[in-house]
Amino acid sequence: MPRNLRYQNRIELLQGTLDLLVLQTLRWGPQHGYGISQAIRNNSRELFQVDTGSLYPALHRLQKQEWIDAEWKVSENKQRVKVYRLTALGKKQLASERSRWKQLMQGMAGILNPNAEESKA
Amino acid sequence: MSLWDREKREQELDEEIGSHLRMAEHDRMERGQTPDEARYAARREMGNVSLIKEVTRGIWGGNWVSTMIQDLRYGLRVLRRNLGFSLIAVLTLALGISATTAIFSVVYGVLLRPLPYDKPEQLVRVWEKNASGKRMNLADPNFLDFRSRNHSLQGMASFYSELALVSGGSEAKRLMVASVSSDFFPLMRVSLVMGRGFAPEDQHPGAGPVALVSYNYWKQYLNSTQHLSAVKLRVDIHSASVIGVVQPGFRFPEDSDVWIPQELYSIVPSRTRTTPRSSRA
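Chains Z and C are the protein sequences, given in the same order. Those letters in the first sequence? Residues 1 to 121, by our numbering. Those letters in the second sequence? Residues 1 to 281, by our numbering.
No lab work stands behind these hints: they were computed from the structure. A few of these clues could be false.
Unchecked claim - Quick list of in silico lysine-lysine cross-link-like pairs, BS3-like style, CA-CA up to 27 Å:
id, chain 1, residue 1, chain 2, residue 2
1, Z, Lys78, C, Lys219
2, C, Lys53, C, Lys119
3, Z, Lys92, Z, Lys73
4, C, Lys53, Z, Lys78
5, C, Lys173, C, Lys134
6, C, Lys119, C, Lys173
7, C, Lys173, Z, Lys73
8, Z, Lys64, Z, Lys102
9, Z, Lys102, Z, Lys73
10, Z, Lys73, Z, Lys91
11, Z, Lys82, C, Lys8
12, Z, Lys82, Z, Lys64
13, Z, Lys78, Z, Lys92
14, Z, Lys82, C, Lys219
15, Z, Lys73, C, Lys232
16, C, Lys173, Z, Lys64
17, Z, Lys91, Z, Lys64
18, C, Lys232, C, Lys219
19, Z, Lys91, Z, Lys78
20, Z, Lys102, Z, Lys91
21, C, Lys219, Z, Lys64
What the hints assert, rightly or not - Pulled from the structure, derived: some chain Z residues nowhere near chain C, Cβ distances all over 12 Å:
id, residue
22, Asn43
23, Gly53
24, Leu55
25, His60
26, Arg61
27, Lys64
28, Ala70
29, Arg80
30, Val81
31, Lys82
32, Gln93
33, Glu97
34, Arg98
35, Ser99
36, Arg100
37, Lys102
Glycine is no exception: its CB is placed at the ideal position from the N, C-alpha and C atoms.
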């Protein structure tokens, strides 16, 4: 199953960030898979194109971890859609991932721009 | 997760991805694409649907039963698609297995199966040699001398076998009949399935003639009867009552099916001279 592996590798590469992106997107309210992918795309100014092959496995994984919850609803177009919602556990996870991401950015900034750090000190 | 739950989840995943595609199509059409363009683009953007489903199912985690069933189904489909290849593979396997089995059963019978005697490594056969170096059977007086002066062997017994017409069972048959000396069965340490072995009284000339039969003979020609006393065998011109059945597999010497005390045959003088002897260390 080499093709399958390729997909899973891609998930792993994105895993940290994709989880954060999904949780952050759901903070604005319940949303279905397609909506989540569109929101990430729009909010990143079309920089991030979420791969559907990564999104659905990620959604199901987050649901298994009980960070998000799902229920079936009928959309405006009278379609049955599966809508995901952030849970209390998911909100905590989002907070910790945000602070981790912040640390990562600070660390990266320090390495990429050492002079800026020194001048501050 | 039960199989039923899994089927439901499977359906929901289909529906979820289906609705994703429809929404993507819808958006594209609103942006002015034709329905065909929209459908094609949405599908291309989605990628390999069955692969996405497979990876997502993998996230649900280990229902190894349904995974195995899927693998089995897949295997069967592939086999059915390549019928010629499958047939050749099956035939090859069948040939391989049967050849191995056949060879093993021969090797087992010839080399591996233990002899149906207790401590076969302690059994020896004693011969005399004539002047030209040819083996010959022990003469009776020599055997008696050997036995009485024996210190090296636990005991010595003699046997002789020949084809004889045996009747009295379900059908008359020419079988190997062995006449054996009194200590033959104790020396070979053969056990009986039923009945009794030869007693000293049976060995005296003029005693009521008795016989032991092989397990095979008992099964095949005596219908595994439990009433041995009712069975009267005729061995050539002699009649004998069956007193016991020998353990399965024991048919020494020379695939014998009936054993009688040697002394019974000693009535016929010509036969005593040619009796071969067996001995046990």
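For each hint, the structure was consulted:
1. A hinted pair counts as satisfied when its Cα atoms are at most 27 Å apart, and lysine 78(Z) with lysine 219(C) does not qualify at roughly 81 Å.
2. Taken as a hint, the lysine 53(C) and lysine 119(C) pair is broken in the structure, with Cα atoms around 67 Å apart against an allowance of 27 Å.
3. For the hint linking lysine 92(Z) to lysine 73(Z), the alpha-carbon distance of about 26 Å falls within 27 Å, and the restraint holds.
4. Among the hinted pairs, lysine 53(C) with lysine 78(Z) is consistent with the structure: their alpha-carbon atoms are about 24 Å apart, no more than 27 Å.
5. Restraint check for lysine 173(C) and lysine 134(C): not satisfied, since their Cα atoms lie roughly 34 Å apart, outside the 27 Å limit.
6. In summary, the hint linking lysine 119(C) to lysine 173(C) is not supported, as the alpha carbons are separated by about 32 Å, beyond the 27 Å threshold.
7. Only pairs whose Cα atoms come within 27 Å are accepted, and lysine 173(C) paired with lysine 73(Z) is rejected, the gap being roughly 88 Å.
8. With a CA separation close to 26 Å, the supplied pair lysine 64(Z) and lysine 102(Z) stays within the 27 Å bound.
9. Among the hinted pairs, lysine 102(Z) with lysine 73(Z) is inconsistent with the structure: their alpha-carbon atoms are about 35 Å apart, more than 27 Å.
10. With a C-alpha separation of about 22 Å, the suggested pairing of lysine 73(Z) with lysine 91(Z) holds against the 27 Å cut-off.
11. Only pairs whose Cα atoms come within 27 Å are accepted, and lysine 82(Z) paired with lysine 8(C) is accepted, the gap being roughly 14 Å.
12. A distance of roughly 15 Å separates the Cα atoms of lysine 82(Z) and lysine 64(Z); the hinted pair therefore holds under the 27 Å criterion.
13. For the hint linking lysine 78(Z) to lysine 92(Z), the alpha-carbon distance of about 34 Å lies beyond 27 Å, and the restraint is violated.
14. Under the criterion of a C-alpha separation no larger than 27 Å, the hint pairing lysine 82(Z) with lysine 219(C) is inconsistent with the structure, at around 74 Å.
15. Restraint check: the Cα-Cα separation between lysine 73(Z) and lysine 232(C) comes to about 92 Å, which exceeds 27 Å; the hinted pair is violated.
16. About 79 Å separates the Cα atoms of lysine 173(C) and lysine 64(Z), which puts this hinted pair outside 27 Å; it is violated.
17. Under the criterion of a C-alpha separation no larger than 27 Å, the hint pairing lysine 91(Z) with lysine 64(Z) is consistent with the structure, at around 15 Å.
18. Of the pairs offered as hints, the one joining lysine 232(C) and lysine 219(C) holds, with about 16 Å between alpha carbons and a cut-off of 27 Å not exceeded.
19. Of the pairs offered as hints, the one joining lysine 91(Z) and lysine 78(Z) is violated, with about 30 Å between alpha carbons and a cut-off of 27 Å exceeded.
20. Between lysine 102(Z) and lysine 91(Z) the alpha-carbon distance is near 17 Å, which keeps this suggested pair within the 27 Å criterion.
21. For the hint linking lysine 219(C) to lysine 64(Z), the alpha-carbon distance of about 67 Å lies beyond 27 Å, and the restraint is violated.
22. Interface exclusion of asparagine 43(Z) from chain C stands, the closest Cβ pair being 16 Å apart, more than 12 Å.
23. Remark: the non-interface label on glycine 53(Z) conflicts with the geometry, its nearest Cβ contact in chain C lying 5 Å away (cut-off 12 Å).
24. Once the 12 Å rule is applied to beta carbons, leucine 55(Z) is inconsistent with being away from chain C; the minimum gap is 9 Å.
25. Distance to chain C contradicts histidine 60(Z) as a non-interface residue, since its nearest Cβ pair spans about 5 Å, not more than 12 Å.
26. Listed as a non-interface residue, arginine 61(Z) fails to keep its Cβ farther than 12 Å from every Cβ of chain C; the least gap is roughly 5 Å.
27. Distance to chain C contradicts lysine 64(Z) as a non-interface residue, since its nearest Cβ pair spans about 7 Å, not more than 12 Å.
28. Its closest Cβ contact with chain C, about 9 Å, brings alanine 70(Z) to no more than 12 Å, contrary to its assignment away from the interface.
29. A Cβ of chain C approaches the Cβ of arginine 80(Z) within 12 Å, the least distance being about 7 Å, so the stated non-interface status is violated.
30. The beta carbon of valine 81(Z) is not kept farther than 12 Å from every beta carbon of chain C, the shortest such distance being approximately 5 Å.
31. A beta-carbon of chain C is positioned within 12 Å of the beta-carbon of lysine 82(Z); the least distance is around 5 Å.
32. Here glutamine 93(Z) stays apart from chain C, with its beta-carbon at least about 17 Å from theirs, past the 12 Å limit.
33. Annotated as non-interface, glutamate 97(Z) keeps its C-beta farther than 12 Å from every C-beta of chain C; the closest such distance is 19 Å.
34. With a least CB separation of 24 Å from chain C, arginine 98(Z) remains clear of the 12 Å interface cut-off, as annotated.
35. Serine 99(Z), annotated as away from the interface, keeps every beta carbon of chain C farther than 12 Å; the closest lies near 26 Å.
36. Annotated as non-interface, arginine 100(Z) keeps its C-beta farther than 12 Å from every C-beta of chain C; the closest such distance is 22 Å.
37. Remark: the non-interface label on lysine 102(Z) is consistent with the geometry, its nearest Cβ contact in chain C lying 28 Å away (cut-off 12 Å).
Hints 1, 2, 5, 6, 7, 9, 13, 14, 15, 16, 19, 21, 23, 24, 25, 26, 27, 28, 29, 30 and 31, counting from the list given before, are not met by this structure.
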